Structure formats: structure tokens, C-alpha cells
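**Q** Each chain, written out:
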Amino acid sequence: MPDVRVLPCTLALFGALGDLALRKLFPALYQLDRENLLHRDTRVLALARDEGAPAEHLATLEQRLRLAVPAKEWDDVVWQRFRERLDYLSMDFLDPQAYVGLREAVDDELPLVAYFATPASVFGGICENLAAAGLAERTRVVLEKPIGHDLESSREVNEAVARFFPESRIYRIDHYLGKETVQNLIALRFANSLFETQWNQNHISHVEITVAEKVGIEGRWGYFDQAGQLRDMVQNHLLQLLCLIAMDPPSDLSADSIRDEKVKVLRALEPIPAEQLASRVVRGQYTAGFSDGKAVPGYLEEEHANRDSDAETFVALRVDIRNWRWSGVPFYLRTGKRMPQKLSQIVIHFKEPPHYIFAPEQRSLISNRLIIRLQPDEGISLQVMTKDQGLGKGMQLRTGPLQLSFSETYHAARIPDAYERLLLEVTQGNQYLFVRKDEVEFAWKWCDQLIAGWERLSEAPKPYPAGSWGPVASVALVARDGRSWYGDF
Amino acid sequence: MSTPATPTSCDILVFGGTGDLALHKLLPALYRLHREDRLPADTRIFALARSALDNAAFLALAERNVRAVVARSEFAAEQWKGFAARLDYLAMDASQSADFGRLARHLKSSEGRVLVHYLATSPSLFAPIAQNLSIAGLAGPQARIVLEKPLGHSLDSARAINQSIGRVFDESRVFRIDHYLGKETVQNLMALRFANALFEPVWRAAHIDHVQISVNETLGVENRGGYYDHAGAMRDMVQNHLLQLLCLVAMEAPVRFDAEAVRNEKLKVLQALKPISGLDVQDKTVRGQYAAGRIGGQEVPAYYFEKNVDNDSDTETFVALQAEVENWRWAGVPFYLRTGKRMARKCSEIVIQFKPVPHSLIDGGGGPANRLWIRLQPEERISVQLMAKTPGKGMQLEPVELDLNLAEALSRNKRRWDAYERLLLDVIEGDSTLFMRRDEVEAAWGWVDPILAGWREHYQSPRPYPAGSNGPEQAQLLLELQGRRWLE
Numbered sequence: 000m001p002d003v004r005v006l007p008c009t010l011a012l013f014g015a016l017g018d019l020a021l022r023k024l025f026p027a028l029y030q031l032d033r034e035n036l037l038h039r040d041t042r043v044l045a046l047a048r049d050e051g052a053p054a055e056h057l058a059t060l061e062q063r064l065r066l067a068v069p070a071k072e073w074d075d076v077v078w079q080r081f082r083e084r085l086d087y088l089s090m091d092f093l094d095p096q097a098y099v100g101l102r103e104a105v106d107d108e109l110p111l112v113a114y115f116a117t118p119a120s121v122f123g124g125i126c127e128n129l130a131a132a133g134l135a136e137r138t139r140v141v142l143e144k145p146i147g148h149d150l151e152s153s154r155e156v157n158e159a160v161a162r163f164f165p166e167s168r169i170y171r172i173d174h175y176l177g178k179e180t181v182q183n184l185i186a187l188r189f190a191n192s193l194f195e196t197q198w199n200q201n202h203i204s205h206v207e208i209t210v211a212e213k214v215g216i217e218g219r220w221g222y223f224d225q226a227g228q229l230r231d232m233v234q235n236h237l238l239q240l241l242c243l244i245a246m247d248p249p250s251d252l253s254a255d256s257i258r259d260e261k262v263k264v265l266r267a268l269e270p271i272p273a274e275q276l277a278s279r280v281v282r283g284q285y286t287a288g289f290s291d292g293k294a295v296p297g298y299l300e301e302e303h304a305n306r307d308s309d310a311e312t313f314v315a316l317r318v319d320i321r322n323w324r325w326s327g328v329p330f331y332l333r334t335g336k337r338m339p340q341k342l343s344q345i346v347i348h349f350k351e352p353p354h355y356i357f358a359p360e361q362r363s364l365i366s367n368r369l370i371i372r373l374q375p376d377e378g379i380s381l382q383v384m385t386k387d388q389g390l391g392k393g394m395q396l397r398t399g400p401l402q403l404s405f406s407e408t409y410h411a412a413r414i415p416d417a418y419e420r421l422l423l424e425v426t427q428g429n430q431y432l433f434v435r436k437d438e439v440e441f442a443w444k445w446c447d448q449l450i451a452g453w454e455r456l457s458e459a460p461k462p463y464p465a466g467s468w469g470p471v472a473s474v475a476l477v478a479r480d481g482r483s484w485y486g487d488f
Numbered sequence: 000m001s002t003p004a005t006p007t008s009c010d011i012l013v014f015g016g017t018g019d020l021a022l023h024k025l026l027p028a029l030y031r032l033h034r035e036d037r038l039p040a041d042t043r044i045f046a047l048a049r050s051a052l053d054n055a056a057f058l059a060l061a062e063r064n065v066r067a068v069v070a071r072s073e074f075a076a077e078q079w080k081g082f083a084a085r086l087d088y089l090a091m092d093a094s095q096s097a098d099f100g101r102l103a104r105h106l107k108s109s110e111g112r113v114l115v116h117y118l119a120t121s122p123s124l125f126a127p128i129a130q131n132l133s134i135a136g137l138a139g140p141q142a143r144i145v146l147e148k149p150l151g152h153s154l155d156s157a158r159a160i161n162q163s164i165g166r167v168f169d170e171s172r173v174f175r176i177d178h179y180l181g182k183e184t185v186q187n188l189m190a191l192r193f194a195n196a197l198f199e200p201v202w203r204a205a206h207i208d209h210v211q212i213s214v215n216e217t218l219g220v221e222n223r224g225g226y227y228d229h230a231g232a233m234r235d236m237v238q239n240h241l242l243q244l245l246c247l248v249a250m251e252a253p254v255r256f257d258a259e260a261v262r263n264e265k266l267k268v269l270q271a272l273k274p275i276s277g278l279d280v281q282d283k284t285v286r287g288q289y290a291a292g293r294i295g296g297q298e299v300p301a302y303y304f305e306k307n308v309d310n311d312s313d314t315e316t317f318v319a320l321q322a323e324v325e326n327w328r329w330a331g332v333p334f335y336l337r338t339g340k341r342m343a344r345k346c347s348e349i350v351i352q353f354k355p356v357p358h359s360l361i362d363g364g365g366g367p368a369n370r371l372w373i374r375l376q377p378e379e380r381i382s383v384q385l386m387a388k389t390p391g392k393g394m395q396l397e398p399v400e401l402d403l404n405l406a407e408a409l410s411r412n413k414r415r416w417d418a419y420e421r422l423l424l425d426v427i428e429g430d431s432t433l434f435m436r437r438d439e440v441e442a443a444w445g446w447v448d449p450i451l452a453g454w455r456e457h458y459q460s461p462r463p464y465p466a467g468s469n470g471p472e473q474a475q476l477l478l479e480l481q482g483r484r485w486l487e
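Quick mapping for you: the protein sequence lines, in order, are chains A and B.
When we follow numbering that gives the first Met the number 0, the leftmost residue of the first sequence carries the number 0, and every step to the right adds one.
When we follow numbering that gives the first Met the number 0, the leftmost residue of the second sequence carries the number 0, and every step to the right adds one.
Some hints here could point you the wrong way.
The list that follows gives simulated cross-link-like pairs (lysine-lysine, BS3-like), each with its CA atoms no further than 30 Å apart [claimed, not checked]: (1) A/K350 x B/K354; (2) A/K350 x B/K267; (3) B/K345 x B/K148; (4) B/K283 x B/K345; (5) A/K263 x B/K354; (6) A/K293 x A/K341.
These are computed hints drawn from the structure, not numbers from a lab.
Just so it is clear, the structure is predicted and the values come from calculations on it, not from any experiment.
All chains should be modelled from the sequences, with the hints used to inform the complete structure.
**A** Below, the structure written as C-alpha cells:
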């Protein structure tokens, strides 16, 4: 483990009894404590609306934590130490009077980190109340997605927060940026001359980015049906991955150098004109099918379903980046629920050699790919052509993967969860794994024109059976350009 | 050249038929080809040597040697019987033209049959054999001649051999063997370079810092002391195997994958090699000779105590040198070649060391630049070394390897075939892509001769190195003076 400087703070967790906090944030904090990455003076304030004895809520928290942390990683000594850091405070986040108690609970000597695991609609109110209570000075605020549902509402949220906090103390979370392999993208691209030399339209034919989920809606009706897959996944995770793949080298690893380069990519995204929506974008909605061999219901048949919903659970689209480096290289993005497997993967397809000298019937085989697997089984694979074994006539070729599997190479090392890394970076004051205001807004601006186009078309999402790779139209999307999705079927 | 085709009838004449090469390499390879039905249906194999053996005695000798070489599961009595039926032995003296008349009569009619004359003999016999074959009417348009190394001892002697052979056989019917070219991974080099768009843009001086080519053996000279003491590692290994590997790494893409196109490109590399002559040999080359040491826990003797070796021999058993290819693609990129006997490990390997990234984003530098490793033996593999993020917290980098172990990747059903099987099949089919052309051989000697002359003129004696080490310390200096080091 590399030496990491550990700084103290008070973490005020708004929405402490919500699903995100119990499933992700507290387990991550526990793990950080276990690895001695929480300063001994760091305190965690669990804040929620629920009244009642703090001990009761902390007991609930302990129960949930034991479920979330793998048994072999549970240590009662660590838990006791963690428990000593914890306090529970009941409060109504929109009631200014409630902040008097918070004010008293906060140690003036320690920087405050306010984590908003709440709907974005209350972000502004919380910020105003923190400021009114004298708690905004030096405080960092951490914002979970979604930040609005379009450019306008996103701006409202950002402006409400910006009234009280400068950008340098706002940390917008996209948990994908905390994943090990996403961070490896930066190392892969900028510490290896072998790839950077060829990272442009001269050598790359096209790029695929897939984020597939096996599960369906899982009870998130209130939020998801209003959002759809584009807002839920493309606007944030997929565009962030696209930025990391497509960005120019920053001059250093500071937050703003990296985020400046990402914003340049977002600004270069070509809007998809209304007349091209049908050929460049596919929306889907899953119907009844099979998952792990069991019958599963369609989206409109899920428990508590909105029967006439036209929310999309699948999006595939072709994105073009209008800049010197990428002009002419399509980026195919694909994301969906109820896919055959959970898979997040980036595939860089290199162009064919300029002149082919081997047996003509093998010409279609020839192409190199760099496959970056984000999950499951994080790893990197470089597909090269090698000679097939045998005494056959001429030079018979085959594809061979040069690969690195993190689980094999680093089998002894535990790869931290995304939230562990992100929480650590917040406590350290590092912003490069967080999303900047202009990034969010350019991403919304680009998505908004798509959504507006769909609304004008009034086209229903195409059905696809649960357990498939999405509507047949998504295959046609790529096939129209003479290509196919890597590894499907 | 016309497209190679498999003939239906073939006579293979092995001169030196009772020698080590024939018994340990050629007969096992031919047996395997027979076993897999890859030989033309009507193939006859004639072993020719001076030993006064009758056919039965030769067959017994052949069976004993083939059994010793091929895996038990590959040897079956029925198959051996079928193979033995193809085999014939004729005692003859290859230096006597009268014996060739007898040979011709023994072959009976060779009309319409491909004739393969495999010269597993001393190179001093190459010219007389070719001449005698011609006199006996065995060098017609369907006849091919296969020459094993060494092809001469210098440019002059190589030229003399080539001229003598050339008077009888035109170039398209001469097959000069470097068995390295028959190895799977050497052929993979061609596929790697020209079937992958990924590598070509970085395969040049702008992106490559240097190339290392090593062919190291743990064995000593064993029974070859008499030949070896006269040749040395430069003639035995560098002039052929290592220069061939250098050609495959450095050559331009051929217009087609055929014999003439490929060999034209290799020749261009040899012609672009910067000469090393005179005092340059002291800066650019290192000679070594192994002293007593330990390998695999066993004490082994020094070179000059080996059988048939002169006690005050100054023959080199190790060479390291810096070659330069003076052309547009490679100017300024050193190619470090290294070969030795009684080294710590048996390893044949090519390492392409790329240049570092132009600007490091990580404090404290970006670490080692990328490398491409091509391991020829043991355990054929290809590996790319990259920088990746160290797992866990923080943004530190560390080298990782993306690798393909060719032996593992290939189907377990497929048998690992031997270089000689590939090469013999190509001779029968008339495909000379994996064989050396006359001008290649002469260009290689043309580059090697001035180094040998420089060593003599400047009394550059081999440096001793203990058996089981990585060679003389001066070999490290060769790279260290330029801020580099041998990798493994």
C-alpha cells in the first residue's frame, strides 16, 4: 500500500439512513478505518429526519454494516473504533432551527465535509441553512447524482449551491470515476508511449463503450421512470468514460487540468440532429424474458409499474467528436438494464494494416483491439494477430490476447470500492475524480437536445426481451457502418 | 517464382545419412511428416554415407534414433514399417564421381520426380557434390539442393561455395537452411509485424530506443569442439541466426508474403548495416570464452579443456555487439546482439524497448518506458510491458505485463512441430521464403568479416567468463556506457 497522507475532518452525512448511505457510504468508511485511512480525530455525523434514540439508529446501522461488509473483513476492534467516531442527529434538512444542534456537534477546529446523499431538490436548502448557521466557511460539499434532470434544472441546482460554496469546495460524485480501472485509464493513456502515439483518427477505427446491467428496475420507480436510461447512465457514467478515452493529455494531474481536458471533449460532442435520430440512436424498453434461466417480468409488468410509461431502459447511440484528434471516429455507446450479464467495457478498435500481405481469405480477421474491462474481472487485454500453430500452407493467422487480469496479477491485494477512494479523496481535498460544474452542464446540454428530439418524434422505445443485448435496431445501428458490437452472441 | 505446389512423387537424398544431423533431426522430422501423411504419396528416402552398412543395419540404426527422438506416443510399429519401406541406404563416397553414377543407377528412373539433395555434410563437400550430381544427370530442373550451415567461413569462401553451387543449380533451386527460420515464434514475428496495424506506427526510430536480441545457451560445445574451435560464436551464431532475427525485426513490409519479396526486404537490412571495422571493434564488440563454473548445480569445465579444443585456443564462445541499421527507419537505434554458450539460462529473446512518454504527468517520473518482449525459447511468448496504476489508493504507477503464452494459448490437441518438419515440407513444395538467399548470405559475411579481421588486427582476445554467468562484464559496459542494460 502506497503511503497516503491522512487528514482529519468532520463528515456530516445528510441522508444517513437512506439506501446509498447504508449500502455504500458506511461500508466504505468502515473499510477506510480498517486500513487506517481515517485520521484518529475524524468524526462522522449521521444525519437523518428519523427521530428517536441515537443508539437505536446506530444499532440499525451496525446491522446493515455487518451485512454489507464481507465476513473475513469484519473486525470487532475496528468496529468499536469506528463506533466511537459516530454520532446520530435527527433533523429536518430544510428547517434552519435544526442546524443549531448541528452547529454544536461540529468541532470548529476540523474542516467540515457535508455529504448530500439526498435528492438534489434539497441541495440548495441545505447549503443555505449551513451558511446561515455559520457552517459554510471552509466546508466541502459532496453532491450525489442526479444533479437535475436537464440543463435548466441542473443549472438551478448548481447555482443554488454556488451561492454559498465556491467550485473549489464542491465535489460532484460519479462513482464510476472511483473505480480502479477507470483510474487506470489515465495511467494507461498517459504513461505509455505505445498507445498515446496511436490514440487518434489515423489509427483508430472506432470505439465501443458498453455499460450493461443484468438487473431490472429494482424498485427505483419513483426516480427511474422520470429519468430513463439516458439520464440515469449516459449523461454521467458513459460520457465520463468517453471523456477519459477521448481527452487530450493534461499538463499535470491536478483536478482542473484533467477536468479542463474533459470539458474540451464535451464541448466537441456533435449534437445529433433530429433527422438523424432514427439512424444514430436506439431506445429500448425490456419486456418479459429470462435472467439466469428464470422468467422475469417486463418493465411495464414490474411491481408498482406505471403501465403506460415510455421510459427507456436501453440506449445505444453513435457519438461523433468534432476535433482534430477524433474526426471520423465513431464512438458507439450502449447501456441497458436486463442485459445478459453485468458488463462495463471499453473496446478500442484499431484500423487494419494499410497493405495486406497474407492469405486473402483471412483479411476479414485482421484488426487489433484494446479491451478495457471495468467490471466484472477488471483487466486489460490487447488483441493481436499471431501465427496459428501448424504446418499448413502459408501463414495462417489467429487472434491472441495479450492480457492482464487484475484479480490474477494482484490476487493478494484488495481492490477498494469506488466510494472508498472517492471518500478518501474528499478528505484529502483532491477534486480530480469529481465532476465540475461545466462538465455537468455541457453533458446535460448535449443530452437535452437528444431528449427534445425524442419528444418531437413521439416514438415509443423498442421492446427487447429481458436477457438479450437490447433491441435488434442497436445491431443495425452499428451494422449500418459495417461493424458489430464486440463479443456479442 | 511460381506458386509452390505439392509434388506427387519425390526422392529425398540425404548426403551424410549416418551423421548426427540426419539421425537426430532429419529422420525424426521425416518420420513425423510421414506419420501425418504430409509427405507426397510416392516418396523415397535415400540415406547416403561412407559407412559400409547394409540396408537392414541402416534401418536398425535409423529406428533406434527415431525412437529416441520422437515421443513414445508418436511411435507406432505399423507406422514405422510404412516409413521404413520408404527408406533405402547406399554406401558411397561423396567425393568420388564414379559413385554418383552408381547412385543414378540405384535411383532408376527419376523422370517426373522431384529430387531433393540434402547436404548434411561438411561444407568442403558442397561443391564436389553439386558438380558430381550434374555429371550424373541428377541436377535437372526438378532437382533441389539443401545446404546446411556453415556456408563458408568468410565472404570469400562463401562466395566460392555459392559460385560452385550456382554453376549447377539456379538460385530458385537452392535452399540454404537456418533452422531458426523454421521456428514457430520466428515466424510469429512476421505475423506480429505485418498483420497488426497496432505495432507498425511505432516501429521506427522516433519511438524505439533500442532493440536487444539474445540467443543464449547453457550447453557447451559438447562434441562439436573440432568444428567450433575453428568457427567461434560469431560464425556459428551471429552471422546466421542473430542476423536473421535482426532482419525480421528491422525489415520493411514486403509487398507479398512470398520468397522473393520477403528476402528482398531482408537483404535491404543487411545492406544497411553499418560496418564495424578497425578499432571500432573495441568499442562496439565484446568477445568472451567460458571458464570453469557451475550450471544447474553441476561443475562444468572451461572451454579449453573441452574435447578437441586447442588448449591455448582464443576462439570466442560469447559475442555481444552493437549493430546499427543506417536507413530512414532505424538511424540512431542501436541493435544489441548477444549470444553465448554456458550461459546462466537457455533463452532466445527479442526485446523492443520503446522511448519514454514525452512528458510525465506523475511526480517523480513515469517509470520505465514500454517494452515488447518476444520470447523464442523456452516457452514461446509475446509480452507487452506497460505502466498501470498501482492498485489501491493514490496515483502511483508500476509496470505490468500483458502477455500471451503461446504454448498455453494454443490448443492442447495440437502437437508442437519441429523446425525441420516445416523446412523439409517447404523444400518439397518448393517454397523458399524461410530459406536464405545467396545475396543474403554474402551480405551477412560481408558485414561479419571486417569484425573478425578487426579482432585479429587488434589482438582482441576473448574475455573469460565463468560458466553459468551472463557473460563477460565488458558486455554490461557495452550498454551501460550508453545508459542502458541487458534485460535478463
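**Q** Take the hints in turn and mark each one as holding or not.
**A** Here is how each hint holds up against the structure:
1. A/K350 x B/K354: holds, 23 Å
2. A/K350 x B/K267: holds, 28 Å
3. B/K345 x B/K148: With a Cα-Cα distance of about 21 Å, the restraint between B/K345 and B/K148 holds, given a limit of 30 Å.
4. B/K283 x B/K345: Between B/K283 and B/K345 the Cα gap is close to 24 Å, so the pair holds against 30 Å.
5. A/K263 x B/K354: holds, 28 Å
6. A/K293 x A/K341: Judged against 30 Å, a Cα distance of about 16 Å means the pair holds.
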